[in-house]
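Join these two chains into a complex; the hints should help.
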Amino acid sequence: MAADAISLSIPHTEPFHGVARLVVGGLAARLDLSYEHLEDLQLAVLTVLDRHGYVTAPDVTVRLLVEPGLVGIAVGPVDVDVVRAELEREREDGVSLRRLLETVVHSVSLEERDGGHWLRLDKRVLAGSAEPVGEEA
Amino acid sequence: MREAGARTDRDLLRRYHERGDLEARERLIEQYLPLVRSLARRYANRGEQLEDLVQVGCIGLIKAIDRFDVDRGVELTTYATPNVIGEIKRHFRDKGWSVRVPRGLQELNVRLSQLLEQLTIQLERSPTIAELAKAAGVDEEDVLEALESGQAYTTVSLSAPAGQGEDSDLDPLESLGELEHEYEVSEDRAILAPGLRALDERERRIIHLRFWEGLTQSQIAQQVGISQMHVSRLIRRSLEKVREEIATGGNVS
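The listed protein sequences correspond, in order, to chains A and B.
Here the first sequence is numbered in my numbering, starting from 1 and rising by one per residue.
Here the second sequence is numbered in my numbering, starting from 1001 and rising by one per residue.
Hints listed in this document are in silico derivations from the structure and should not be mistaken for laboratory results.
Note that this is a predicted model, so its numbers are computed, not measured.
Mixed in with the good hints there might be a few duds.
Result set (DMTMM-like, lysine to aspartate or glutamate): computed pairs, CA atoms no more than 20 Å apart in a straight line [what the hints assert, rightly or not]:
hint: 1; chain 1: A; residue 1: 123; chain 2: A; residue 2: 14
hint: 2; chain 1: B; residue 1: 1134; chain 2: B; residue 2: 1148
hint: 3; chain 1: B; residue 1: 1134; chain 2: B; residue 2: 1107
hint: 4; chain 1: B; residue 1: 1134; chain 2: A; residue 2: 32
hint: 5; chain 1: A; residue 1: 123; chain 2: B; residue 2: 1026
hint: 6; chain 1: B; residue 1: 1063; chain 2: B; residue 2: 1026
Pulled a few chain B residues facing chain A out of the computed Cβ check, cut under 8 Å [as the list claims (entries may be wrong)]:
hint: 7; residue: 1125
hint: 8; residue: 1129
hint: 9; residue: 1136
hint: 10; residue: 1138
hint: 11; residue: 1144
Backbone N, C-alpha and C fix where the C-beta goes; we use that ideal spot for every residue, glycine too.
Extracted from the complex, chain B is given alone in its bound form (with noise of 0.2 Å):
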């Protein structure tokens, strides 16, 4: 049964590879995606919402699908299955949240990053720390030390110079269709700017919908598809690359 599976991957692999069938290409994405959640699972204790961390996930199946050597005698899930889990990592080392933050304000800030979601649907409206706190069964100062603490963590990894390496590739997640429906990036005229150069097409995408179209951080959420909270930090960490970019000069061609 196995080797009938890994037979239709590899035939799946190298019409991508070799004829650029990229529906090929998402059929694997799509069968390798109960992996990837597998694995994000295992890290989803840490401080980041499971939704997240299996989209950082993807990225990393997506690289494994894109890089995959269809001669070699490897399985792409035992190809794929460091590359994800490296994804998953590098994500954390990135942000350094481990090792900064305590684990029960880690706990706390995850928790409040559902009660959010939850609370915003439930009243239709973007809830008090009061009602978050009483959701949590937390006094409103723990609710403020647990949203700091996820600020925390956002400076970290902002002094990787952009257009670098792989984690400035453009977000393959882009490339599955899902987020560009509506968004024609090339057309926008706030992408000339040199400063937003910087970002990747995700990022450039928050930045956009939030100061060009004026969508609030819950919209922006539903748009994209990720916790309200992960909005806030890439909305942060993006004007950060951004001012990085200008004060570094990255601008001046």
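One chain only, chain A, in its complex shape (with noise of 0.2 Å):
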């Protein structure tokens, strides 16, 4: 079964990382999420486009995709030198991507494509809240 996908490319400027805090929260109603697995979602898609470093091009891409029982996101292109060397960092200064990205989401991974690194996020959706939409029982 082919996954749905939403695109959304956005300037990398903090006004518009509030609009991918609404495309998933728009996602997230509509697949009948819990609150609180909204807030993770967000959390972890804030928590990428925020963070200074990460992603370097003028224009960053979210990709969501809605597959049975989880929810990946993908947020590209980033710098994959600083992103794959946070996340492996040892040392915490405070909380470290990898410990708030794991508490927020499933799975965390750099995968390429379409010429660049993208930072992959999954999160599994099942418990807690309703069925995906289209999901068969």
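Structure, rendered in structure tokens:
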């Protein structure tokens, strides 16, 4: 089954990050996700968008992929060296990227696509939420 | 009657200020809680839940008690009232809520915050947007807009430097002994992380519970005794503070 996907390209400036948050909210409502899952997904997206140095291009794309029981988020293009270093960083000055993301999503990975690197985040959304729209029982 | 009350207050204040009697301080706080509640009620329709404002007001009360000059011929009520109101006003000013968000959205946000608590208990899980919309009698889009507006007010006060000024004082509520039963701050390694020094005790506790203990927002809300939406705002605000602290090199000793 092919995944449904929403692709949003926005200028990589803070006022537009709220647009990404709203789109995530709209998707969460469409999928009948719980408030807590919505919060988790929004925090994941905003963390990647807001943290300095992860996205270096003037525009950034947020892809939301819907599969049965799972919402995937891909943000890119990202500076793969910076993000990889952050993900592998052992010493924590605050809340490390890995700790933060792994609290709110189930898997964090880097993938190469469309000539660039993307940070891919997957969250399982079955427990505590209604079934995603269109999923068969 | 009032005079007798004032004498008792003065006695308690002396016990606290002159002998360091913390029990006297707690009694004063308890006695003046109705005052804080009545003052907080005046501001309760402006986008924050009453209980959250009572907590903010308590900070003003505690500051008033701690700073009160016993030898001055002023009653504690007279001194505490502007302190409590000042703390609540500062809270609103810092959030920038009242000037940035239309009143209708503020009110819906407050209603949603209450409904979120109720539905979480009723359903024994986090409600969906549709369930929140139905309970509030509005469209799902309205819910999303109101939730978004609630986030809009979290980013205003973050430029305040950490470790300076009144607002960076350790949260005096902590010293009431209500919040810290199971949490030994000093023993937690996470607290040693330099960026986290930008946070006050309550923020650190919430961040610890969320990202080290893995508690959900609603579980944290229950433990800390504030609303789930307030937890959400505090998490975002705290992460922002930590980020700024690290970015500005505040962690470099």
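Quick rundown of the hints versus the structure:
{"no.": "1", "hint": "123/A with 14/A", "verdict": "24 Å, violated"}
{"no.": "2", "hint": "1134/B with 1148/B", "verdict": "18 Å, holds"}
{"no.": "3", "hint": "1134/B with 1107/B", "verdict": "16 Å, holds"}
{"no.": "4", "hint": "1134/B with 32/A", "verdict": "13 Å, holds"}
{"no.": "5", "hint": "123/A with 1026/B", "verdict": "46 Å, violated"}
{"no.": "6", "hint": "1063/B with 1026/B", "verdict": "13 Å, holds"}
{"no.": "7", "hint": "1125", "verdict": "5 Å, holds"}
{"no.": "8", "hint": "1129", "verdict": "4 Å, holds"}
{"no.": "9", "hint": "1136", "verdict": "12 Å, violated"}
{"no.": "10", "hint": "1138", "verdict": "12 Å, violated"}
{"no.": "11", "hint": "1144", "verdict": "4 Å, holds"}
Going through the hint list in order, the structure does not satisfy hints 1, 5, 9, 10.
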